[in-house]
Amino acid sequence: MQIYVLVDNRARQGFRSRWGLSILVEANNMKILFDGDTDAETLCYNVERMGVSIEDVDFVFLSHWHRDHYGGLKCLANKVGGRGVKVYAPPGEKSIVEKWGFQVEELPIASNTPLGPGIWSIGPLEAWSNFYEHSLLVVDEKARVLIVGCSHPGVAILAREASRIAGKPLTLVVGGFHMPRKEELVELMNYTEKVAPLHCTGEEAENLLNTLYPHRILKLAGGDIVRL
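Start counting the sequence shown at 13; every next residue gets the next number (the working numbering).
Calculated from the structure, these hints are not laboratory results.
Careful, some of the hints might be misleading.
Said to hold, decoys possible - Each computed EDC-like pair below joins lysine to aspartate or glutamate, with the alpha-carbon atoms no more than 16 Å apart:
| id | residue 1 | residue 2 |
| --- | --- | --- |
| 1 | Lys111 | Glu138 |
| 2 | Lys98 | Asp70 |
| 3 | Lys98 | Glu118 |
| 4 | Lys180 | Glu196 |
| 5 | Lys154 | Glu138 |
| 6 | Lys231 | Glu205 |
From just these sequences and the hints, can you work out the full model?
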């Protein structure tokens with residue numbers, strides 16, 4: 013399994029940072045674009061700088077309907093020339109990206125839908141009234157990885173459900189944790205071996221993780237690649 017951090021609030025030298033998140037994952041002979049950052053220019057620049065392609069993805073996984081996660085999908089739309097790439101998303105304003113030529117499939121609430129061999133949508137779960145988010149579970153022969161967008165329903169809740177589906181603790185939870193409290197971080201670490209906090213996790217939460225679990229954290233930024 014290979015995980016490419018295409019865009020994050022932080023970036024390695026030579027890459028652009030943006031308030032947003034986009035991750036490319038390759039596993040089980042599939043290629044998935046998780047979220048699409050805020051704007052097409054940043055996403056396209058970092059994709060080219062990293063030397064990867066996104067126009068051949070099997071599908072897009074949109075965690076939730078906030079612009080810092082879908083705005084840059086126009087980069088992919090421009091690359092594929094309007095070809096109807098499938099976007100798996102929670103219920104929401106799907107017309108936003110359908111106008112760019114994407115085919116949006118809204119997944120049923122709390123369905124934990126299988127999307128391919130070893131690949132599941134966890135959720136979608138309600139974060140607040142009529143607003144939903146889901147996360148991406150990817151399992152292969154070596155690793156069990158949960159990729160989260162902003163974890164609005166709660167990162168520990170998402171990880172607990174993902175580890176239940178995987179049948180054992182996760183290898184890694186990566187993405188935005190959305191300023192979790194200490195109690196939630198402690199619970200989260202019961203369900204995973206390591207974490208890689210990105211995007212909206214927040215400085216306070218990252219400092220807590222560094223203090224409590226210094227050997228179980230991967231410090232990632234835009235331009236990084238994780239091989240598991």
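>> For a C-alpha distance cap of 16 Å, please report whether Lys111 and Glu138 respect it.
In response: Given pair Lys111, Glu138 is violated - Cα atoms ~26 Å apart, limit 16 Å.
> Are Lys231 and Glu205 close enough, with their CA atoms no more than 16 Å apart?
Replying inline: holds, 14 Å
> Between Lys180 and Glu196, does the CA-CA distance stay at or below 16 Å?
Replying inline: violated, 19 Å
> Can the restraint linking Lys154 and Glu138 be considered satisfied, given a maximum Cα separation of 16 Å?
Replying inline: violated, 31 Å
> Do the alpha carbons of Lys98 and Glu118 lie within 16 Å of each other, as the hint requires?
Replying inline: holds, 10 Å
> Straight-line Cα separation of Lys98 and Asp70 no greater than 16 Å?
Replying inline: At roughly 8 Å apart (the allowed maximum being 16 Å), Asp70 and Lys98 satisfy the hint.
Checked against the numbered hints given earlier, the structure breaks hints 1, 4 and 5 and satisfies all the rest.
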